[in-house]
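Undergrad: So the sequence lines, in the order shown, correspond to chains D and H.
Sequential numbering from 0 applies to the first sequence in numbering that gives the first Met the number 0.
Sequential numbering from 0 applies to the second sequence in numbering that gives the first Met the number 0.
Just so you know, not all the hints are guaranteed correct.
Taking lysine to aspartate or glutamate and the EDC-like style, the derived pairs with C-alpha atoms no more than 20 Å apart in a straight line are [claimed, not checked]:
1. K435(H) x E415(D)
2. K193(D) x D217(H)
3. K417(H) x E415(D)
4. K435(D) x E471(D)
5. K417(D) x E377(H)
6. K320(D) x E194(H)
7. K193(D) x E223(H)
8. K132(D) x D88(D)
9. K319(H) x D308(H)
10. K132(H) x E223(H)
11. K193(H) x E102(D)
12. K320(H) x D365(D)
13. K132(D) x D308(H)
Read the hints as simulated data drawn from the structure, not as lab findings.
2 protein chains.
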Amino acid sequence: MTHTEINRQTTAPHSPNRKAAIIGGGVIGGGWVARFLLNGWDVSVYDPDPDAERKIGLVLANARRSLPALYDVSLPPEGSLQFCSSLADTVAGATWIQESAPEQLAIKHRILGEIQQFAPDDAIIGSSTSGFKPSELQENATKPGQIVVAHPFNPVYLLPLIEIVASDKSDAAFVRNACDVLRDIGLKPLLIGKEIDAHIADRLLEAVWREGLWLVNDGIATTEEIDDAIRFGFGLRWAQMGLFETYRIAGGEAGMSHFIAQFGPALKWPWTKLMNVPDLTPELIAKIADQSDAQSGHLSIRELERLRDDNLVGMMRALKKSGSGAGGTINDHEQALRQSIASNGASATAQLPQTVSRPVPQSWTDYNGHMNEAHYLEAFAQASDTFMALIGADDAYIAAGKSFFTAESHLRHIAEAKAGQRISITSQVLSAAGKKMQLFHCMYGPDNDLIATCETLLIHVDLTTRRACPPEDAVAGKLAEFATSHASLPIPDGAGRHVGQKPA
Amino acid sequence: MTHTEINRQTTAPHSPNRKAAIIGGGVIGGGWVARFLLNGWDVSVYDPDPDAERKIGLVLANARRSLPALYDVSLPPEGSLQFCSSLADTVAGATWIQESAPEQLAIKHRILGEIQQFAPDDAIIGSSTSGFKPSELQENATKPGQIVVAHPFNPVYLLPLIEIVASDKSDAAFVRNACDVLRDIGLKPLLIGKEIDAHIADRLLEAVWREGLWLVNDGIATTEEIDDAIRFGFGLRWAQMGLFETYRIAGGEAGMSHFIAQFGPALKWPWTKLMNVPDLTPELIAKIADQSDAQSGHLSIRELERLRDDNLVGMMRALKKSGSGAGGTINDHEQALRQSIASNGASATAQLPQTVSRPVPQSWTDYNGHMNEAHYLEAFAQASDTFMALIGADDAYIAAGKSFFTAESHLRHIAEAKAGQRISITSQVLSAAGKKMQLFHCMYGPDNDLIATCETLLIHVDLTTRRACPPEDAVAGKLAEFATSHASLPIPDGAGRHVGQKPA
């Protein structure tokens, strides 16, 4: 089994040749490049800017250190990246073509026209436009139904949201297919019911932006104070639930109608100044820029990007626990990857099964600058979980009321692992009898160097009584197969040792 | 050393008697009760609603399962909670008095007047008002300077933001003192420069709320789609950085002025319909309520609250890593608690130092319904960190370039720990010689029952060369003291054993 096969399998129905063409390689286009590439697609790029390759390289570097860290399984190997000098070459054979040109309708019309000259008939042409309606983009197009708004959010390689907007010229099956492709690369397509200027999210953002400009303009608050008013309060609520569900809770058991009845009257008050737009005078622009310098000028944009990405990864990993919002999107994508691995799963051979292959998230490192010991055990526990799944003690088995509990573990740290490094674990059965299963996990670094081992004893339990009991026959049988085939292997170095014991 | 002493020490300058009086015990008042109580303050409550005690009990139950989980050290023991039948009794001797009455100016004037009749002259009277200016609240007050807006955000026991608004009748030293008190209970006071209706955050919220109402009213999107447009995208950005810092990054190296020049023109477009407020007709209210039911009706408000709180704890714990936003507030509070512990620190006696005392966060549990093995090791690693600090290998020592690395660890799981349970760890020195330090940690559950042990070998290293070296003399000396005094203790059960070895 290779990861390429995994990816082909999951994306095959929607994208047999897995080629994406990215037209325009700025921050947004570069984000699309990274999102497709890191999900195993081949990507070709067209951008007349001579600096495009360098800029995309910077976005890719950010994506490579953060996107894989969201998942507890490996993403497929990267596809190939190609910079093209003609639009015809770029879009030839592409399944998905994404336009991220400047936000001017005439420019977009010209580029979309050129794309349609050369693009395959069944390719999806997505536009990253934040403002234009699909019917505007489709004006004068040879095949208007091929064009759909696919509006992403920065950083495109991390944030799952994509607003999908179609017009009445769009075919429903085509739009569904577009959503499937996006889900296959880990995104959350949000299909908007009616087309309007600026779709949904940017209308909400603009409302806040206007109010923020007034607050700065009138000297009520600085940019930093406005940011603090968001991030120490409602920003944390919105990251998981948004606006209405948060207010539903505030209404208590009496519900949403009750909340509106309470909160509604406030809307009549003169709380906002949104009847108008503050003039963006040089003075106001300078005021905002100065305040922003005072707030964030001690960090370069590069540093801010990495801080933002590390925080996004950390928060989204936290949301995986409940499956709320972006956490659910990541869990779904991870589950699809996992199922492909399981369907190509290891059988009991004398060769040790690889039970973990993953990068080290930045959030797994500590003040000593390396992976923290608790996360070594987290990775080893993932190896035990994978091995359990291999012998049939999988999610369904646990849901039915049986599982293995870890009784004891002995970890040995042999070398350091740093953030972003790829680690892999193989697992060997030392013994298996009755309720007991003793495993020996070896963790390897990027150069296949041994960096840690974990000897662990697991006890099979009934989750209702919380007491030890023998596994079901099917599980016991598969475990015995592994135990028999691994019995021919030498006892690994470090097994059967206590803490501080000198090597034999 | 007791935790009561810790709390007295950190809060002493601002609140010698540590009594808070809470006037109005709804969702917001109840949140204030929980925030003060769980930070060791005595709290008295006045609310004529006969159901107030039950309602506050529900808020407290939520707070007890989530607030302590934010920290990796113990909060002080809870203060005492008292429900009073007279306002005079409630405010007598209070340091902080918080008014959370209904949002009607006449009611607030009446209650503030009564409070000032009985309150100590030097008490701070905070108002939770989301709309009124402090100068409005102060109208006709006997001591206007005693009243300050202290506007919190739901859930008050978790979200750190408090908007502090003063008027020109307020004394700067008094306002500073108010901010200090709030910081002492783990909050983030945001002092607003000028008073305006609805302060800052609610103006931003109202702008979005209005736009959201239009989107629902016009059938562009449902409540769920609007929430998804927030939580899968910009909500995640705002939880850590807010609006302006996020856009600063979007502007790239060219900076904020460049971003505004790019984005500014969009403001001239007809993207919003904010010139007006949609009429809250029965039809619109029913539409929103129905959509909200379809979105979230499968969960009770109680379940939604717990989901929200677990997500908040998870995301804020993730932000502790970088110290961004709420993560920084928690780190600061934790540091204050830690310093108090250190200044009362253990000396080398035959009695074992307690190196961890904390609750089990919900996010530490796994599919088996108990604390996950990796988090057992996280707690044991915290015990090693505390012990390192006790012998002088603290943050400053590490910053100067030396540290201890864990070489190996042996964990034994004896009983299960569940979410919310308090765990504590004692640490014993088994041996200490040259570069090596061998510790034995015992973890106890809420009834002082042994639930796990960890034998661990640490090696002292030079962080520059990443090689082993002997500790500095001062550290070696303190370690030797512990080793000598612990030498008189029996070798603990389970030490020196390998995985699967039967007890002697």
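Undergrad: If a hint holds in the structure, say so; if it does not, say that too.
TA: Outcome of the hint check:
| no. | hint | result |
| --- | --- | --- |
| 1 | K435(H) x E415(D) | 18 Å, holds |
| 2 | K193(D) x D217(H) | 9 Å, holds |
| 3 | K417(H) x E415(D) | 32 Å, violated |
| 4 | K435(D) x E471(D) | 13 Å, holds |
| 5 | K417(D) x E377(H) | 18 Å, holds |
| 6 | K320(D) x E194(H) | 41 Å, violated |
| 7 | K193(D) x E223(H) | 15 Å, holds |
| 8 | K132(D) x D88(D) | 28 Å, violated |
| 9 | K319(H) x D308(H) | 16 Å, holds |
| 10 | K132(H) x E223(H) | 34 Å, violated |
| 11 | K193(H) x E102(D) | 37 Å, violated |
| 12 | K320(H) x D365(D) | 9 Å, holds |
| 13 | K132(D) x D308(H) | 38 Å, violated |
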